[in-house]
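Engineer: With the hints as a guide, bring both chains together as one complex.
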Amino acid sequence: MLIEFAIALPLLILLMYSLATVAIEIFKLGRFQLADYVLEEEARYVMERITQEARVSKEIEIDNASNKIKIVYHVVNDDVIYIENNSAHVEDLWRTHFFKLNSSNGKLYAQRQDNAPLTSPITGDNSFGKTKINSLKYFKANEKVLRIVLEMESLETKHKIKIATAIFMPGCKKFEE
Amino acid sequence: MKKIFNERGFLLLDVIFLTVITALAAMILMNAAPRIRNSQSTLQMTALYLTNEQFAYLESRAVNGEPLPTNFLGEPEDLITKNFETGKEIKFLVDTQINDSSNPCKVTITVTIDGRDDFEVKAERMIWLVKEEWRRLRAD
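So the protein lines, in turn, are chains A and B. Taking my numbering, I'd label the letters of the first sequence as residues 1012 to 1188. Taking my numbering, I'd label the letters of the second sequence as residues 1250 to 1389.
Just chain B, with the same shape it has in the complex (with noise of 0.2 Å):
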């Protein structure tokens, strides 16, 4: 009778191990998705910074009078980033467009990570251009 006491508070004992360590393993799995940051969130305001550098340049440009030109006028290493040092190097493309004054100048700057296009940013202003324009008022 002794004997067989004390087998089944060794079984109930088993019991409860399995259950608690089951329920660990569980918990453990379902939390085993990987946690790598999304870093798109950063990159886009990367990109969205570099969007307003390049509208400063070209607002710079317009109350001055001059031609707007398309390429991107600001320091070429602001291109490059190393963002969260995956140790892939990460490029911006800057596109510009200007229209004429009744439509806004369109930016759009293109994410790539590793040489692989990831994703896109577009930014529009309307940006207007200062003229000079000299009329006699009277005939003289």
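Here chain A stands alone, though its shape is the one from the complex (with noise of 0.2 Å):
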């Protein structure tokens, strides 16, 4: 009786550890491919950011040092209306939007949020995986283009992604560096 024990109990040990090794390989596997998706996801956010403002930029400004980019863009408020000889008038706005990369206002890369139902119960991070703006470089091709590249990292997996895009701006008057 005690013999059928010292030989069931160790292998019995040692198929659970097995398995449960194996499990957490897998585990971790998933978790890397949903810090990938989650990455590229946030890469397409901080350059729709961009790229949908700078394109009706009247005015824009870069500047790669401070890594800070100006842009001034026309809107219309149209919760002021008044009439005026009839006819009825939208008032006109210019609207000034400075991004920058880590400041609170005006915060470039939308980062996942980290409250409770988010977090992972176990470690307690972020169940999505953290992401980190590598470098993000304004360059002026010509008068009317702005040319972005977007280096993106996901702290997680430590993967890397590189974007780079061009925006014509047609109303573009003033383009400075």
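These aren't lab readings, by the way, just hints derived from the structure by calculation. There is no bait here: all hints are sound.
Keeping only pairs whose Cα atoms sit at most 30 Å apart, straight-line, the calculated DSS-like set for lysine-lysine is: (1) A:1148 - B:1340; (2) A:1151 - B:1340; (3) B:1340 - A:1169; (4) A:1171 - B:1340; (5) B:1331 - A:1148; (6) A:1079 - B:1331; (7) A:1141 - A:1079; (8) B:1331 - A:1141; (9) A:1169 - B:1331; (10) B:1371 - A:1173; (11) B:1371 - A:1148; (12) A:1143 - B:1340; (13) B:1331 - A:1143; (14) A:1171 - A:1151; (15) A:1111 - B:1331; (16) A:1171 - B:1331; (17) B:1340 - A:1173; (18) A:1171 - B:1371; (19) A:1173 - B:1355; (20) A:1184 - B:1355; (21) B:1331 - A:1039; (22) A:1141 - B:1340; (23) B:1331 - A:1173.
Structural biologist: And the structure:
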């Protein structure tokens, strides 16, 4: 009776240990796959924020040293409508938007939220994986074309992604570097 | 009688262990398909942004009235990427077709991974060339 135990118990422990190791490896690969998808989505988010506003810009100013871009564009404030000479005027506004990498106001990238339902209960970190912008460079190609090169990295998988694009700004009157 | 009682207990224990271990092994094996991410969606996104880049340069030339060339007008370093750094270099080949004013310009990007053609992204945009024309309105 005891001899059966002496053979069966170590075998059992070895079997359970190997199964658990394989399971952990598979779940880790699943988590890496999710982090890669999140990285791609956040890179696209950053690019779209800049391209959509730069496309309609009237004035644009880039500063690579402090990694800042300033876009001035024309918006229409239709909260204020006044009637003059029997025609309605909608108030015209110019809005200036600064994009900096790490300020709290006008922050560029959408980091996934860290509140309780989205954190992993065991380790406590963000269940999608954090990402980081490695570099975001602006170049002036000519008077009306802005070229952007973005490089982002996922802190979970250490994978990097680099995207380059250019935007043609038809209404841009002033482009400073 | 005591001996038989003990043996039945161990038999039940063995059966339970076997069931649990088999179930665990089946769950793991069913999930053991390779979890390598399909990197094509990222490459397609990168290729689309590259077509936007080529169109931006083409549009800026069209507004100035210059003729449109068919080579890649951006920086050559944008054509090579190492996304997700799997060690393989990924190159983009940009092919531009300029048609006359009634047909759109087509930009085709072929992505090659490790020298082998992987997939192709096509984008079209109508780009109107700005032409100046002076016409005499009155016969003086």
